[in-house]
Amino acid sequence: MLGYTEKIKAIAGRLLKECAVDMVIGFRKGTLPMMNEPCFATTPEAVESLVWDSNCGINLANYLTDRKEKVAVVAKGCDSRNIVTHIIENKIKRDQLIIIGVPCSAMIDRRKISRMVAGEILEVSETEATIKVKTADAEALFDKAAVLQQNCALCTHRNPVIYDELVADPVAEQTDIDRYADIRDIEALSATEKRDYFDDLLQPCIRCYACRNACPLCYCPTCFVDESKPQWVGKGQDPIDVRIFHFLRAYHCAGRCTDCGACERACPVGINMRLLTRKLEKDCQEEFGWEAGLSLDQRPALDVYKTNDPETFIK
Amino acid sequence: MELMGMEPDRLHFSWISSAESTKFVKVVKEVTEKVKAIGPNQHFTKNTAKVA
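Heads up: the protein sequence lines correspond to chains A and B, in order.
Position 64 of the first sequence, counting from 1, maps to 64 under this note's numbering, and the rest follow consecutively.
Position 34 of the second sequence, counting from 1, maps to 349 under this note's numbering, and the rest follow consecutively.
Heads up, none of these hints are tricks.
Dumping the calculated SDA-like pairs for lysine to any residue here, alpha-carbon to alpha-carbon at most 25 Å:
1) A/Lys315 <-> B/Thr347
2) B/Lys361 <-> A/Asn272
3) A/Lys235 <-> B/Asn362
4) A/Lys315 <-> B/Val343
5) B/Lys349 <-> A/Glu187
6) B/Lys349 <-> A/Glu193
7) B/Lys349 <-> A/Thr192
8) A/Lys282 <-> B/His327
The following residues of chain A were derived to be distant from chain B, with all beta-carbon distances above 12 Å:
9) Ala20
10) Asp22
11) Arg111
12) Lys144
13) Ala145
14) Gln150
15) Cys208
16) Tyr219
17) Leu294
These are computed hints drawn from the structure, not numbers from a lab.
Here the structure is a predicted model, which means the values were calculated and not measured.
Beta carbons: idealized from backbone N, C-alpha and C, even for Gly.
With the hints as extra help, turn the sequences into a complete structure.
Dropping the structure here:
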C-alpha cells in the first residue's frame, strides 16, 4: 500500500496531461496528523500533493454529486460502491468518470489512537503492518490491525467493484467476518434497555450534521432537518428530536449505505451512528439478500417489487 | 423503531381493502387492546414549551 501514492500521482498526472479529465479528486495531507483531506487537482503540477495512506477514510463519492465536467476519482472499495449508487441514482454519468481504483488495506481510527497515547500527536507514520505515533515527549508503535476503524475491520469489499485503472493488484478480501455481532446484541435487549442504550449513545449529539454532510448518500437540495415549512423535526437538542434526526437519517440511507464510516469519522463527538445504518443494512441483507452498490445492473432493494417480498410485519 | 426501544406492541402495520370492513374492525380492536395493555406512550414524546 505504501507505493500507492506514486502510482496515483502517475495516473492522475497522465490523465490531466492528456486532458482526459478536467479534475482529479484524491487525498492530500491535512493540517493535522491522521486527517487527510480531499484534494481537487486540475493541473498536472497539482498532482504532486496527492497522497495515499491509512488516513484516507473520507468518502470521495461525496464530491461527485451533480458534477458536469469529466472527473477522475480515487476510490477504495466502499467509495466505488457509493459511486455505483450515485450512477444508479443519476447523480453522475458513468462516462463522465474515470475511476482510479485503490485496493484498500483498511483505514486507521484516529480516535482510538488519540486515546492510546498521552498528549498531542505531532506525527504519525506507518509501514504495511505498523503505525508509529510521535507525541511531544514519547513515541509509540502500534499494530495496524489493532487500531483500525471498526467499519474497516468488518469490511468484506476492500477492492473496488468498478474502476478504469487499478493502482495495484487486488488485495485479499476478508472472509468469515461476523458483521453484525454488536447489532444482534442490541436486538436481544428489552425495549427499556434499548431505549436507555440509544439515549446514552445519542446524548452527546450537538446536531452539527457533520455525519450528514460527510455522507455521499445525503445529497437532497434541502435536507428534512433544514426544512422549516413544514418543519419535520425540532431543531434543538431535545432528546426526541435528536433521536428523530438520527433515525430518519439512517432510514434515508436504507439499502444504499455501504458502511464507509465517513459519518462516524466526521462526528466531532464520536457517536457510533453506524449502528443504525448497519441495522438497516443487516435487514436488507436478511430480507432481500441485498448489498448496496455491487452492480450497475441491479435496482436497489427498496426500488423493486417482488411477489415474494417478505411481509410478516403486515397483519 | 423496535431497535431504538419502541415497545413492539405499539406499532402495527396492516393492509385492509375498503371492502374488508370486518377485517378493519378486527384489526382496530386488536390494536387498541394491545396499546391499552402497554399504556400511554411515556418515552417517545416531547413536551412542548408552554406558551401563556
